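So the protein sequences, as listed, match chains A and G. For the first sequence, counting from 1, position 542 maps to 542 in this note's numbering; every step adds exactly one. Numbering-wise, this note's numbering comes out as the position in the second sequence, counting from 1, plus 1012.
Quick caveat, the hints were computed from the structure, so don't treat them as lab data. Source: prediction; values computed, not measured. C-beta atoms are modelled at their ideal positions from N, C-alpha and C, and glycine is treated no differently. Hints may contain errors.
Here are the simulated lysine-lysine pairs, DSSO-like style, with alpha carbons at most 30 Å apart [said to hold, decoys possible]:
(1) A:K105 <-> A:K116
(2) A:K28 <-> G:K1052
(3) G:K1016 <-> A:K28
(4) G:K1216 <-> G:K1241
(5) A:K517 <-> A:K615
(6) G:K1216 <-> A:K28
(7) G:K1216 <-> G:K1205
(8) A:K28 <-> A:K116
(9) A:K204 <-> A:K769
Partial chain A-side listing against chain G, Cβ under 10 Å, derived [what the hints assert, rightly or not]:
(10) A7
(11) A12
(12) L29
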Amino acid sequence: MAVVSSASGLIAMLHEPHPALKLHALDKLNSLVHLFWPEISTSVPTIESLYEDEEFDQRQLAALVVSKVFYYLGELNDSLSYALGAGPLFDVSEDTDYAHTLLAKALDEYASLRSKAAKSSEEESKMDPRLEAIVERMLDKCILDGKYQQAMGMAIECRRLDKLEEAITHSDNVHGALSYCITLSHSFVNHREYRCEVLRLLVKIYQRLPSPDYLSICQCLMFLNEPDTVATILEKLLSGSKDDALLAFQIAFDLVENEHQAFLLNLISRLAGSKSQAIDHVNPDQGSSAPTSENGNATADNAVAASEDVHMTEESHTANGTSQDINQTDATYNERLGKIKGILSGETSIQLTLQFLYSHNRSDLLILKTIKQSVEMRNSVCHSATICANAIMHAGTTVDTFLRENLEWLSRATNWAKFSATAGLGVIHGGHLQQGRSLMAPYLPQTGAVGGGSPYSEGGALYALGLIHANHGEGIKQFLRESLRNTNAEVIQHGACLGLGLAALGTADEVIFEDVKNVLYTDSAVAGEAAGISMGLLMVGTASEKASEMLAYAHDTQHEKIIRGLALGIALTVYGREEEADTLIEQMTRDQDPIIRYGGMYALALGYRGTSNNKAIHQLLHFAVSDVSDDVRRTAVLALGFVLYSEPEQTPRIVSLLSESYNPHVRYGAALAVGISCAGTGLSDAISLLEPLTSDVVDFVRQGALIAMAMVMIQTNESCDSRVGTFRRQLEKIILDKHEDTMSKMGAILASGILDAGGRNVTIKLLSKTKHDKITAVVGLAVFSQFWYWYPLLYFISLAFSPTAFIGLNYDLKVPKFEFLSNAKPSLFEYPRPTAPPTSTSAIKMPTAVLSTAAKAKSRAKKDAEHKAASEKPSSDDTSSGSTSGKTSKSSEKDTDAMQVDSASEKKVEPEPSYEVLTNPARVVPAQEKYIRFLEESRYVPVKLAPAGFVLLKDLQPTEVEVLTLSDAPTTLPTTAGGGAATATTGQQGSGSSAMAVDEEPQPPQPFEYSG
Amino acid sequence: MDPKLVEVTQLFERFKAAFVRNDFGACTNLLSQLKVLLTKFPSLPPSYQETPNAVQELAIARDIYEHAVVLSVKTEDQDAFERDFFQLKPFYTDTCGIIPSSPQEYPILGLNLLRLLVQNRIAEFHTELELLPQSSLENPCIKHAVELEQSFMEGAYNRVLSARQTVPHDTYVYFLDLLAKTVRDEIAGCSEKAYDYLSINDAKKILMFSTDQELSEYITEEHPEWEIKNGCVFFQKAKESQPCKEIPALQLINQTLSYARELERII
């Protein structure tokens, strides 16, 4: 068999005068080009001239050959332009490197041209139709071959929404395709406006489907900020069957999770407005309930009032009963409307969260005791850090035992420390919407009566109210506004401003804005700082004109504090606006004043939050190494954490070099950046990066690293990562060490607070389950990171907490008894073991240091442990009698065993099961989510297969009596025995505590007051 | 027999008849048709499909191209020669296993070498030579070309010119005529460098012209920069135009020395 050794013959043939010979030569060359391109490359000009010869009828073939030669020569641009000349001869389906490379090149080219065209708004002015044709052929081919994901990706990249639509509608799994598209548009579409376009298209497609996925539609619509459409959908669902209503509730819960207050308020008002004729006479009530809540002890929020009103009217309707049928449907509709309003206002979820956190509270008072004893009395920094740690540990649980037991110690907090201490109460009672006012009443400024309290506690109380009502401030706004108006004391103004900002987060309420602005213009440093932040909080994400006004004032004023507050405020206004924020960012980052540049860093961080936008990262890294001010550099690095939180795996890699910087500020920033973006992930890389920083030579770097580490490790226990245990011991050592610097000691105290935050039932989450950003959480962390300048802002971290819970709800929004499986060893995700009463470590240390107090402390600690055990015992007895399962009592015994601490009992336990049955409501930590399975034979079926959060359950046996947990319904206990559906294997872990919540609402704690 | 092959064979017979008649116009015409017909044969390079008629097809195709080469020599068309030769070459290099080698092979290879020599493409000449097997160097046709090249390089132009008498093949005459011109160009180039001026008689002798007329025509055509005056041919113009660049030796030496010193200091 002969082998071709050279193409010279063919090349020579190209020079033949007869066109048929040229054609033959070209044809053969085309098939041999991959072997003989070096030979052919010398005669490329000949072939090119053939291509340019108008009379030659196979110009396209010539172009193809030239294109291939150029491809082999590495001249992709030339190659592409000739491939375009080849027209249909360029085969997109060809499975060769040449075709693949050129297609990729063509797509890149096309995509960049398209996005350029979109930017300059001259639509496709210079678009090469041949290029377009190739891309279209490619897309069509992908769709034909069933490679829908590729087609969708390319269509999005090339901004061809028509093709995207085609790809989705042709795909065999339209729902899958749509959800894939949503992920795509969030993670890969950098341009905000374009993303909106994509989402709008997706919604359009969704709506055309026979069985629309309303959950996803509403998520998209929320991003697009179209409350009207959502309202229509919800209305439709509400007037449908019971299942539809369940779906509507689920949608509402999902929307609430994204914490977009302005959107939710809008939605509620639209829902109420559209069916106004049905509930016409309710609306005035609803309107008037706001004013009634002004007077001192109005406890109910207006939304609840409204929903109750709905109930009442519904009853009256049925009583009248003129046309029974219509009224019946109206009544159910109204009832459902009431419920959904409750959900949308956040009421329901907050209430349930509160109950969950209260009932599952596992905070370890012993840790606090140790801290308290080791901290020097006169060291106010550590003192208030301890109070703060307590607040964080009990955030949202309403458990203030520690404070009650240590009133005298607490009273050492004076002035601003007192302000903080009072604010801490707000964190502990966070979400206690109904009784928030009455709880804080003793500290609030008394109208009329001559104020007995100090301005510090009054200001703190207003701030606390804000924290309680954070992002759900409809009921409290009015009161805070009045308090702000009625005072001239700057400390109270400070508290009121922060409180207002929190309560009316993102509502862009003009009236409140004016009030706060007036405070700002008094030019008082203390009040002005809070006012600046507050204005930002009010205007979060609105990108309003107000920002330039604020910037102008920041240039006018002399007070650094005010400038700093305003800078942060301005940054908050551009939250999530991406490119729209660029002008403002540019303006701020070029400012002469380092504080404004510092605000610019925050603007970058918040404007591009969670986008991992390359441009933003680039800019931040630039400032991190080039700015002259340490503050700006620190913040620039820290801001990286915000930009990258959607891809936490990236952050340690990006900041790893910075974490070894010579500049301690940069190191500090790197630590916090990792802490913020990897919060709650327990990411191994992040921990490895932070570990050396926790023993840095500079005290504040240690502080930052400890706090960041706690943020990363929150809700991770020792059996998941052994370094968690090491870290806990390190914290204890730092706290007990007499010679440790105050700064790092404070860091350690706060870190132990964050590590066990919210009774060990919350984590820090910046993304909701649908991968949308949680505004409140991000804003909370952003303001929290300001604690460098102002300790009271520490409490903002509580905004970022979200419960690690699965809470299943039935149609009545009650928590029914429901079991599901966690397909992993229970020990992986269980609560950290409570610390031992001082036996080993502290028992050895203490006697040498102090004598009498130690003994006293010891006895007190012991008493406390006993007390705790006692409080646990009766409750677990309740459970065992309630659920009649032998194993529960056994497990509760084990719990108390563990409390008494003997590690020997551990060894006796039989080999650990590989799964665990959890009972609704259950603690499900983020790492556990992937192991959650729902049992098939269960009575309830979740509407949405979500492993955590609020999930509506469909009752498959609606005729039977439901067994409720977490409710005050007295009927539950007797029926459990008869119900019998419960299997013998009750959860080992959750059951003991879930029954603690036999009463729905935690008892309002007795008011107490400390004087100082 | 395959109808296409029959058609080609018949056409080729006509071509050969015309070729013998020295009717070159008809030949070129027929050749063009033949080439087009040949593209239809799948067994030809570069496809080499193994069809039943492969051997006949390859043989006839080779024959046609060999004739084409000879024809191009006869029509004195160097471009056509090059084209046809390259198309013929694969038959020599790649088909040895399929068809017996042709008696025309070495004469044609030799012709090609000669052509390269005439066109003064010495590099390609040697490339071609290297590609030939050692044994073929003994072939008179190749040997002739190689010897010519050697003489040409040595400057033994008289031997080159006398080689015309010892051609191994009558087609070689055309190229050897051309070679004479190449030699003249070489001589002209050399004398330009060697002399400031030459008398017309000497120049005539060196450049192998029989009359003054021919000489002056040659000068106006090829070397318009030369000048004829006082019965002499002056080459100065050309010399002037070639600026003799003095090597800036002193400067370079100084520079190099200073670099060396600096380097020493750094180390």
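Hint check:
no.	hint	in the structure
1	A:K105 <-> A:K116	holds, 16 Å
2	A:K28 <-> G:K1052	holds, 12 Å
3	G:K1016 <-> A:K28	holds, 20 Å
4	G:K1216 <-> G:K1241	holds, 15 Å
5	A:K517 <-> A:K615	violated, 34 Å
6	G:K1216 <-> A:K28	violated, 53 Å
7	G:K1216 <-> G:K1205	holds, 17 Å
8	A:K28 <-> A:K116	violated, 40 Å
9	A:K204 <-> A:K769	holds, 23 Å
10	A7	holds, 7 Å
11	A12	holds, 3 Å
12	L29	holds, 9 Å
Hints 5, 6, 8 from the list above are not met by this structure, while the remaining hints are.
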